[in-house]
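Going down the list, the protein sequences come from chains A and B.
Those letters in the first sequence? Residues 1 to 492, by the numbering used here.
Those letters in the second sequence? Residues 1 to 482, by the numbering used here.
Read the hints as simulated data drawn from the structure, not as lab findings.
No residue lacks a Cβ here, since even glycine has one placed at the ideal position from N, Cα and C.
Don't take each hint at face value.
[What the hints assert, rightly or not] To give an idea of the interface, some chain A residues facing chain B are shown, with a C-beta separation under 10 Å as derived from the structure:
id, residue
1, Tyr274
2, Asp279
3, Val283
[Stated by the list, open to error] Footprint (simulated), chain B over chain A, 3 or more residues, beta carbon under 8 Å:
id, stretch
4, 45-51
5, 193-207
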Amino acid sequence: MNTMYEPVIGLEIHIQLLTNSKLFCHCSTCFGAPQNTQVCPVCLGMPGVLPVLNERAIEFGIRLALATHCSIAERSIFARKNYFYPDLPKGYQISQFEDPLCSNGFIEVNDTESTHRIRITRIHIEEDAGKSIHAEEYVDADQTLIDLNRCGVPLLELVTEPDIRSPQEAYLFLTKLKQLVQYLDICDGNMEQGSLRCDANISIRPLHSKTLGIKTELKNMNSFKGVEKALEFEFNRQVQEIQNGNRIKQVTLMWDDKLNCVVPMRSKEMAHDYRYFPDPDLVPVIIRHSTIDTIQKKLPELPEDKLKRFMEDYKLPQYDAEVLTESKEIADYFEAVAKEIKDYKSVSNWIMGDVLRSLNEGKITINEFAIEPGRLSELLHLIEKKVINLTIAKTLFTKMMSDKRAPSELVTQLGLSQVSDTTEISALIDKILGQHQKEVADYLSGKVKIFGFLVGQIMRESKGRANPQVVNEILKDKLEKQRESNWGCIKS
Amino acid sequence: MKLIENSYGSVRNLLAERRINCVKIVDHYLREINKQNTLNSFITLLNDRALKRAELIDHQIRERGLKKLSGLVIAIKDNICVKDVRTTCASRILSNFISPYDATVIHKLESEDAIIIAKTNMDEFAMGSSNETSHFGTVKNPHDTTRVPGGSSGGSAVSVAANLSMAALGSDTGGSIRQPASFCGIVGLKPTYGRVSRFGLVAFASSLDQIGPLTTNVEDCARILEVIAGQDTNDSTCSDSPVPSYVEALQDNMQGLTIGLPIEYFSEHLETEIKTRIDHVIDFLKASGFSVVPISLPHTEYAIADYYIIATAEASSNLERYDGARYGYRSESVQSLDEMYVNSRRQAFGDEVKRRIMLGTYVLSSGYYDAYYRKAQKVRALIKSDFQNAFDRCDCILTPTSPTTAFKIGDKMSDPLDMYLSDIYTVPANLAGIPAISIPVGKDMNDLPIGLQIMGRSFDESTLLKLAFFIERNYSTRDIAR
Chain A
1 MNTMYEPVIG LEIHIQLLTN SKLFCHCSTC FGAPQNTQVC PVCLGMPGVL
51 PVLNERAIEF GIRLALATHC SIAERSIFAR KNYFYPDLPK GYQISQFEDP
101 LCSNGFIEVN DTESTHRIRI TRIHIEEDAG KSIHAEEYVD ADQTLIDLNR
151 CGVPLLELVT EPDIRSPQEA YLFLTKLKQL VQYLDICDGN MEQGSLRCDA
201 NISIRPLHSK TLGIKTELKN MNSFKGVEKA LEFEFNRQVQ EIQNGNRIKQ
251 VTLMWDDKLN CVVPMRSKEM AHDYRYFPDP DLVPVIIRHS TIDTIQKKLP
301 ELPEDKLKRF MEDYKLPQYD AEVLTESKEI ADYFEAVAKE IKDYKSVSNW
351 IMGDVLRSLN EGKITINEFA IEPGRLSELL HLIEKKVINL TIAKTLFTKM
401 MSDKRAPSEL VTQLGLSQVS DTTEISALID KILGQHQKEV ADYLSGKVKI
451 FGFLVGQIMR ESKGRANPQV VNEILKDKLE KQRESNWGCI KS
Chain B
1 MKLIENSYGS VRNLLAERRI NCVKIVDHYL REINKQNTLN SFITLLNDRA
51 LKRAELIDHQ IRERGLKKLS GLVIAIKDNI CVKDVRTTCA SRILSNFISP
101 YDATVIHKLE SEDAIIIAKT NMDEFAMGSS NETSHFGTVK NPHDTTRVPG
151 GSSGGSAVSV AANLSMAALG SDTGGSIRQP ASFCGIVGLK PTYGRVSRFG
201 LVAFASSLDQ IGPLTTNVED CARILEVIAG QDTNDSTCSD SPVPSYVEAL
251 QDNMQGLTIG LPIEYFSEHL ETEIKTRIDH VIDFLKASGF SVVPISLPHT
301 EYAIADYYII ATAEASSNLE RYDGARYGYR SESVQSLDEM YVNSRRQAFG
351 DEVKRRIMLG TYVLSSGYYD AYYRKAQKVR ALIKSDFQNA FDRCDCILTP
401 TSPTTAFKIG DKMSDPLDMY LSDIYTVPAN LAGIPAISIP VGKDMNDLPI
451 GLQIMGRSFD ESTLLKLAFF IERNYSTRDI AR
């Protein structure tokens, strides 16, 4: 990145709320239902219908306000944002304009060295629009299909001040916000499915300057990484323009994820006058202190508090606690296992290692993961009780991902339990020593490293089931005895 | 069969005594409608539906006796949705629209066994004061078929005045129930804003619209209001204030009632004959022992201008949903999305609707919002406080309903401003949200009805109905020296 200029970035994020029903009618908000099945006269914008506010959305808004240090308006109002589009049945979106629900908050992001406070201008409630489908598999090139299932689903729109100073910081902010909304249980945080949508605005200025340049707006980013990439691209483009002696034009740009570049929107599409005015069909939202208190009391534990608690209660290193609390689901998973297994560090190791790796490889979430906390605890129990050793445990873990049976059952069925019986192990060792007389001789002549090799051969012969500690002891014993008898030979 | 008079009260007695049944009643009205179809008061007739309902209700009367509105034959303004029935708002853009749901008022009426007989003609989207803007043609005044019935609920008023139904529902945004009631010589009530649910009323101006009854007499009006009023979980602006028995209230004592006369309402706009008539009523009320005081509503002169900013702003937004995309009229000749919008709306909205959409779009535009819409809201607050101050001095306010009696068809169509002034006395009640009723108090020299308006405190429909009932019972309309 060019070091003579710094970017000045603000974000505008739409957060789709996890309410059961839509913002102004009783229709379900469930994702993925067949097209136009979750609709009613109200969200279809039929003549004569009226909106009735879903109070749950207000509660969700207050949760986010409390978690982001915003002030909550005692009286806020809904406004109509008027524009024509086929996926907007009423011809206006019910949103908030003057007097939003929340304002003046902040979220803090940490990079490796420091903490930076990003101020939040406002958070308001609005309804989502439907979806236009231009896909060629369904329709002719000159046709568009409309799916109104999403129409009327509640959103929070969060607008930041232009406090972000790098594309990376924008990425960190989004990650933090995603973590927050998931913890608050108000949004599933899935940017690919559109539950979180982010637009950005960016201008540049010489480093250490206080003035603001002319900003451009970036739309159509489909992932957090996409936001970062688009901002990087646009920062470099603006620097190039300035260095070429050009001026930045105030435009809206569409990010093209495939071509990795931005395309200007047609100026006609930008020339909107939304004619906002208070929606006369809805009464002002009045929020009492007692309501805020009640919501505050029921507020779920926030990420920072959980992090602290994980370090204190489970005595985990900060790194472990950070990884485990990054998502609420992982943290919940950890706590469910830790309820049963008291060696918390080992629980943490398993989750940070094998579990997270499996999630990444399978591109799944912890809730879709085949090994539930109960079965992982059982697996760890088997290790604790020395029924199986670590090697077997890893094999068993892999097996458990495709076989939903209890680990103890799998151990019995597959004959994986650890062998600690000395006679059995003794016989095994004799067999191996017989097959590797040269190596034994080498060992006895002073090449002590051979010991490990011999242990490996024995473990392999036992298919990993032999108790390594027992193997070690008996092997050492037998080799020493052999040394003594060799001495005897020489003596005689 | 001969009905004694076109009132539900009398028919109800006959029904209770089993001297008549609902099928016969409906038959009678269907024959009357057939005879007088030149008045053009209806857009859709519901003959079969009404007869089926009548049979069912006859059966229910035999089983369980009468409900609150058993056998009431009522016509519904065509901007109120009835499930599976065409609801056009007298516009080409909704000429093929079948509502998939019932308005709350329809549900309430039918729960009390009322029988809906037809959907009535109106000004397109309730925008007009003469019923001349309808896509389905002008409605004629039964008192003089060369004259307008008033608007926008002209079809509803004519239906009742010409004995084509016992009652009708209308909607009133700036006088659309009261002015046609006055022109047609019947009773029309605009309830307090929030008294009757608007769910299912196709919106013109959401902060002003109210549904109300049009009837031949005050008691029927009270009966219907009692049924359609009350809280509705589908309408956030609908009040939870309890609904009293308006019918019982008619018998209440009115001792000590003070009537206010706003000086601003008796200005030069008012036709002399109407003024003489209203004065005559006032003299009668004084003689009957009421105390009558002059009051002032100083911001009255701004009401029409204020109304045409607020109403058109809301209308421009409310009518955006008619875009040809999902229902209603869509132009055949389109090459692009923009053309679908432009051509559909250009072809299917009438001139008055277009005029108001343009006005409303203008006053909400960025750069003009503060000068027009925001200022209009401030003026509205002043008009509201005018009334609050007035009601410190009096219990209700008495005025003419309209500055003129029914005018000639075509007279005002070329002059919108002149047309708008027709609502000069009715608009303030909508802006203030207060209830107002128009009752007939005689006729002018052309034998055209004159209406008297009574306005009252919010949610005090009882007082309006009581005073209206007293005048109806005791004031002799003939007794005036010409």
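Results for each hint:
1. Given the 10 Å rule on beta carbons, the hint for Tyr274(A) holds: about 8 Å separates it from the nearest Cβ of chain B.
2. The beta carbon of Asp279(A) comes within 8 Å of a beta carbon in chain B, closer than 10 Å, and the hint placing it at the interface holds.
3. A least Cβ separation of about 5 Å between Val283(A) and chain B falls short of the 10 Å threshold, and the interface hint therefore holds.
4. Using a Cβ-Cβ cut-off of 8 Å, 7 residues of the stretch 45-51 of chain A lie near chain B, which meets the minimum of three, so the contact claim holds.
5. Look at the stretch 193-207 of chain A against chain B: 0 of its residues bring a Cβ nearer than 8 Å to a Cβ of that chain, fewer than three, so the hint is violated.
The structure fails to meet hint 5 from the earlier list, while all remaining hints are met.
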